[in-house]
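J.: Each chain, letter by letter, is given below.
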Amino acid sequence: MKIGLVQFAPHLGNLKKNLELHLRYIELAKKKNIDLLVFPELSLTGYLLKDLVEEIAIQPENDSLFKKLRAETQGLAAVLGFVEEKEKGLFYNSSAYLSKGKTLSIHRKVFLPTYGMFDEARFYAQGRNFKPFPTPLGTTGMLICYDFLHFGSSYLLFVGGAEFIIVLSAAPGRGLSEQERYSSSEMWELMGEAISRFTTSFLIYCNRVGFEDGIQFAGGSFIFNPEGKLLAMSPYLEEHFLVQEIEPSEIREARKKWPYRRDEKPEIILKALKKLVGKDED
Amino acid sequence: MKINCIFVEKIISQFIREELNKFGFRKGILGLSGGLDSSVCAFLASKALGPKNVIALILPYGKTFPQDVEDAKEVVKLLGIRSKIIDISPMVDTYFSLYPTENKILKGNKMARERMSILYDFSAREKAIILGTSNKTELLLGYGTIHGDMACGINPLGDLYKTQIKQLAEHLQVPEKIRNKTPTAGLWPGQTDEGELGLTYDEIDKILFELVDLRREKKKIIASGFKREAVNKVLKLIKKSEFKRRLPIIPKISSRTVSHDFLYPYDWEI
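The listed protein sequences correspond, in order, to chains X and D. Quick note: the first sequence, position 14, residue 41 per the working numbering, numbers continuous. Quick note: the second sequence, position 3, residue 4 per the working numbering, numbers continuous.
Errors might be hidden in some of the hints.
Partial list, computed: chain X residues near chain D (C-beta under 8 angstroms) [said to hold, decoys possible]:
| # | residue |
| --- | --- |
| 1 | L75 |
| 2 | L76 |
| 3 | R208 |
| 4 | F225 |
Where chain X lies over chain D, by a calculated footprint (3+ residues, C-beta under 8 angstroms) [unchecked claim]:
| # | segment |
| --- | --- |
| 5 | 16-24 |
| 6 | 92-98 |
What the hints contain is simulated information worked out from the structure, not anything from laboratory work. We put the beta carbon where it would ideally sit given N, CA and C, even for glycine.
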């Protein structure tokens, strides 16, 4: 199975140009026999939209751009990010999994970062679910950027049987050290390794690059195998098209050796969680 | 405080290139004083855009700082960038002959704004974006002239402290005599930044880093060995100069107001 990660810089607020870029990458991916092509968070729109959010929101089912994209996914699966107007006036930071001409699933970002340099909850409605879904390539779950830094999100995908966890990201670089990378890149890699290893799933992280209003997205997209081994990584800061062959049988191999999934007790966790959450509300 | 200069050079070069592209510019223009910050900016711009796309304006007031003019010329020659020397004394002297003053700060600010005015004029003539040269230390302390040396199109060095720019200068091989110069705003002969601020850049940057980057509380910073008066002074300068870092305040009257709740990205592509 072949995976492609598009580490690129979308044009901010320009759906048409970004659609063309997506179609070009899909065409390229088909030539390279890629089975699963992943774009970063908000790949159709750019990230720092602010008041543009409402001007650029779409409803995937009847949107003409989406029809074009879906039509191109006969031979491969594509995962991309966009602003979704789920119902009138409610905008979500969403991702879609397209395959065989259909939208197999949509994930709406749950954890909207609203602190420091981030202001997402001001512009977006909050998603309310983490739900893995079956695909021809295996059970898959999607997360968007900050979702992934809350490990409960990955836990739910794990309990739901995900074999592939796909993270679409628009993670800005921040913090300098003596190393040749942003300090913030480290936390994504740390999480990638830990989550792939302890969910015994493939972890596919696609980040973007480019500047928006002086904020630089750090790149460094990666794929970990189900035993926490780094299979491939894109460079930091540069545009890059990562193509990586993976071996899906590694999921079974990992779960034989490391039976975290078999031994998981979600019902105990749920009970304990209910007690904790109930207590909180008192 | 130590930075990886290879990485930072890459970030700033990409920033300069991308921003110019987005706004449809090919050239950058900057005021080159012969000091550390503008020299570093010229080096970075030259690498990012190619020397022929960088225009350095050397804008002395008469013959006050001959050595700085020579150093600026040397940077131009080293990089092979375009340049022009314009003496600002006729314009400034005409003004002060009508409205005389002995106040050095008034004179210095007027000179800084005269330079700004020429930079904006040449920016339009040359279709070149103005590259600012204010560093993070100056921005936080408000140690600059509003609408003078602080005015620019983009500011590539604005998130680096003075001492970090010094590291970058060494990496970029900026001539040693420029790197070792005593920092001065050039407001009057003999004036030095550190003399005027009463603290060294080394002390200031360490305190700023604690306050701003690490968000540590004042009492903890003092307890860890910094002088109370120094920390207080830095804090006071930061607070006093917020107006220099913001657009002018607009009273909110309508339902949607510029700079309050009319929020569009700078880099909006149409």
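J.: Each of the hints needs a verdict: does it hold here or not?
T.: Hints, one by one, checked against the model:
1. A hinted interface residue such as L75 of chain X counts as satisfied when its beta carbon comes closer than 8 angstroms to some beta carbon of chain D; here the least separation is about 5 angstroms, so the hint holds.
2. Against a cut-off of 8 angstroms between C-beta atoms, the interface hint on L76 of chain X holds, since the closest Cβ of chain D lies about 7 angstroms away.
3. Because the beta carbon of R208 of chain X sits about 7 angstroms from the nearest beta carbon in chain D, less than 8 angstroms, this interface hint is met.
4. For F225 of chain X, the suggested interface contact is broken, since its CB lies about 31 angstroms from the closest CB of chain D, more than 8 angstroms.
5. Check on the segment 16-24 of chain D: 3 of its residues sit with their Cβ under 8 angstroms from a Cβ of chain X, so the three-residue criterion for coverage holds.
6. Only residues whose beta carbon comes within less than 8 angstroms of a beta carbon in chain X count, and the segment 92-98 of chain D has 0; fewer than three means the coverage is violated.
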